[in-house]
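Here is what each chain is made of, one letter per residue.
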Amino acid sequence: MIRHPGQRLLLVVLAAIGFVGCVIADEVIRGNFELLDHNGQRVTEQHYAGKLRLVFFGFTRCPDVCPTTLLEVRDALRLLGDDAVHVQPLFVSVDSDFDSSQKLAAYVAHFHTSLIGLTGTAEQIDAAAESFNVTYGVKASEESSSGREEIFHTSYLFLMDRDGEFLDVFGYGTKAERVVETLRAHL
Amino acid sequence: MRLLVLVLVCFALSEVHAGFDDAARYAFLSSWSEKTVYVIDLYDRKKAGEIPLAEAPNSVAASEALKAAIVSHRDAKKLTLIDLTSDDLQQIDYPLDIRPDQVLVSPIGETVAILDQSVGELQVHALKRAKILVSVKNVSTASTLTFSPDGSTVYWVDQQEGILHAVDLWSERKQLQLAREGAALSAMSRSIDGTLGFVSNAENGSVNVVNLRTFNVLRTSRVGNEPERPWGTADGQYMLVPNAGSSTVTAMSAATSEALYTARAVSNPVSINAGWIDTIVAVVGGDGAVAFLSIDDGSELARTELDGDPEEGIVTSDSKTLAIPVPGSGSIVFFDMKARVHLSTISGLPDDIGPAALAVSNNLCH
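Listed in order, the protein sequences are those of chains Y and E.
Position 11, counted from 1, in the first sequence is what the working numbering calls 11; the numbers after and before it change by one each time, with no gaps.
Position 177, counted from 1, in the second sequence is what the working numbering calls 177; the numbers after and before it change by one each time, with no gaps.
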C-alpha cells in the first residue's frame with residue numbers, strides 16, 4: 001500500500017476554504033511533527049527552534065538510499081566545522097514496527113553524534129509524513145515482486161529553517177559539498 | 001575477456017575523485033555526427049565536458065552503481081564503458097554478438113538489457129562479470145523494455161501479437177495476451193514498487209492494469225483517445241497517460257488503478273516529467289509545446305513553446321529543474337519546475353543530440 005496520508009485531507013481542507021487550483025510543494029510542506037526521539041523523549045518541530053534542520057525519512061534496514069544519504073549528511077556536518085552546531089539533522093523512521101527508540105539510537109550513532117532518530121506510532125508517522133509531503137509504504141512479502149517485505153519512501157532531504165519552515169530540498173545523490181553550499185547561505 | 005572483467009571490477013572499486021561521477025549533477029547526451037558524448041552540469045546549467053569516441057554512438061545511458069556512462073554502437077556491435085571517476089575518463093570496449101538497438105540499465109545499475117530488433121534477440125548482461133545472464137530470441141517486434149525494481153525481470157510488449165512478456169534472470173518466462181493481434185499496444189510501464197504493469201491500448205482508448213506477480217489483468221480503465229505509454233511519477237502515486245489522439249493526459253491512481261481526471265495537454269507528447277517535490281508535471285509535446293500542470297487536478301499552470309522539436313525531458317533529482325534537449329536547434333533548454341519559467345539555454349550543441357541520460361532520476365527508495 002502506498003501511503004500518502006496528507007493528500008486526501010489536504011484536498012478536503014482546500015475545498016472547504018474555496019481554494020481552486022494547484023497545490024504546490026512549498027505550500028504543502030509544513031514540517032510539523034510530534035514524535036519520540038531515540039532517547040524516548042516526546043519532541044515536536046518546536047523542540048529544535050533556533051537551528052536549521054536537515055530532515056530525512058527512511059528506515060534502519062534500508063540497504064542503500066538511507067545510509068548513503070546519511071553519510072552525505074555526516075560529511076556535510078564535518079565540512080561545516082564549528083558551524084555544524086547550528087544544524088540539527090533528523091532521521092524519521094517510517095518503520096515503526098521495527099525501529100524502536102533503542103534501534104534508532106544505535107543506528108544514528110553510526111553516522112554522527114548530533115543525528116537524532118525519530119519514531120512514533122503509525123498515526124504520528126503518518127502525520128509527520130503528510131506534513132512533509134512524503135510518500136511511504138510497506139509491502140508484505142507475499143505482495144511484493146521480490147518475495148521479500150519491501151519498504152519504500154520518498155528520498156528527498158529537506159532543509160527547514162530555524163523556525164521549522166520549509167527552505168529547500170535536495171534530491172537523492174546530492175553530494176555533501178552541495179548541501180554545505182546551501183546551508184552556508186542560510187547560516 | 002579476463003582483462004575486460006578485471007578492468008570492469010577496477011571501475012567499480014576505484015576510488016572516487018574528480019570526474020563526472022556526481023550522479024545527481026551530470027547528464028549525458030550523445031551525437032552521432034560528432035562521435036562525442038556531451039556532459040551537462042545540471043547545477044550550473046552549462047556544458048561541463050566533451051568525451052570524444054572512436055566510433056559514432058547511437059545512445060548513451062548512465063549507471064550510478066558502476067559510475068560509468070554506457071555508450072551503444074549499433075553497427076560495431078559493442079558498448080563503450082566510460083569510467084566517470086577517472087580524470088582521463090578511461091574508455092573500454094564491451095563487445096557484443098548482437099546490435100544494441102536498445103540498451104536499458106537496470107535500477108540496480110550493474111546489469112543491462114540489450115535488444116537487437118533486426119535479429120529479434122534480447123540479452124541481459126552482467127557488465128562487471130562481462131557475462132550474458134539471459135538470452136531470448138524471436139522478439140523482433142518487442143516494444144521498449146522495462147526492468148522490475150530489483151532488476152531481476154525484464155518486461156516487453158510484443159506489439160504485433162498483443163502480448164505482454166516477462167523473463168527473469170533464471171530465464172523463467174511469462175506471457176499474457178492483452179489484445180488481439182495487430183492492436184496498437186504501448187510499451188509497459190510499471191508502478192514504482194513493481195507490483196503493477198500499465199499497458200495502453202490505442203485502439204480502444206484504454207489502459208490494462210496487470211498484476212505482475214500473478215500476470216493477470218486486474219482492471220481495464222478507459223482513458224483518452226489513442227493513449228501511449230504511461231509515465232509514472234517519482235513518488236509512485238500516479239501513472240500519467242498521454243492521449244495522442246486528443247492531446248490530453250489522463251492521471252491514474254497507481255494505488256487503485258482508477259482514472260482520476262483527464263486534462264488538456266499538448267499534441268504528440270514525447271515525455272511527461274514530474275517535479276518540484278511531486279506536485280507539478282511538465283508535458284513535453286513533439287511540436288515544441290510544453291504544458292505545466294498541477295499533478296493534483298490537471299489544471300494548467302503555464303505553457304510555453306520551444307524553438308524546435310524536443311527529445312524527452314529529464315528532471316533533476318531535487319525535482320527543481322527540467323532539462324529538455326532540442327536537437328534541431330542544438331540546444332538544451334532549462335525550466336524552473338517550481339516557477340514554471342525558462343531559466344537558461346545551452347546552445348552550440350550538434351543538431352543530432354539524443355535524449356539526455358541521468359544515473360539518478362527518481363526519488364523513491366525501495
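These aren't lab readings, by the way, just hints derived from the structure by calculation.
The structure displayed is predicted, hence computed values, not measured ones.
Incorrect hints may appear among the rest.
[Said to hold, decoys possible] So these bits of chain Y aren't anywhere near chain E, every CB distance computed over 12 Å:
id	residue
1	Gly-81
2	Ala-122
3	Asn-133
4	Arg-178
[As the list claims (entries may be wrong)] What follows is a set of in silico ranges between Cβ atoms, one per label pair, in the way DEER data are often shown:
id	chain 1	residue 1	chain 2	residue 2	range
5	E	Glu-172	Y	Asp-64	25 to 31 Å
6	E	Asp-336	Y	Gln-102	19 to 25 Å
7	E	Asp-287	Y	Thr-44	48 to 54 Å
8	E	Gly-49	Y	His-86	33 to 39 Å
9	E	Arg-264	Y	Gly-81	50 to 56 Å
Built from N, CA and C at the ideal position, the CB exists for glycine as well.
Each hint, compared with the structure:
1. Separation of Y/Gly-81 from chain E is adequate, the least Cβ-Cβ distance of about 22 Å exceeding the 12 Å criterion.
2. For Y/Ala-122, the condition that its CB be more than 12 Å from all CB atoms of chain E holds, with the nearest at approximately 17 Å.
3. A beta-carbon of chain E is positioned within 12 Å of the beta-carbon of Y/Asn-133; the least distance is around 6 Å.
4. Not every CB of chain E lies more than 12 Å from the CB of Y/Arg-178, the least distance being 7 Å, so the non-interface label is violated.
5. For the pair E/Glu-172 and Y/Asp-64, the supplied restraint of 25 to 31 Å holds, since their beta-carbon distance comes to about 26 Å.
6. Evaluation of the 19 to 25 Å hint for E/Asp-336 and Y/Gln-102 yields a failure: the beta carbon distance comes to about 44 Å.
7. In this structure, E/Asp-287 and Y/Thr-44 meet the distance hint of 48 to 54 Å, their C-beta atoms being roughly 51 Å apart.
8. Between E/Gly-49 and Y/His-86 the beta carbon distance is about 36 Å. The supplied range of 33 to 39 Å therefore holds.
9. At about 52 Å, the CB distance of E/Arg-264 to Y/Gly-81 agrees with the hint of 50 to 56 Å.
Violated hints for the displayed structure, listed by number in ascending order: 3, 4, 6.
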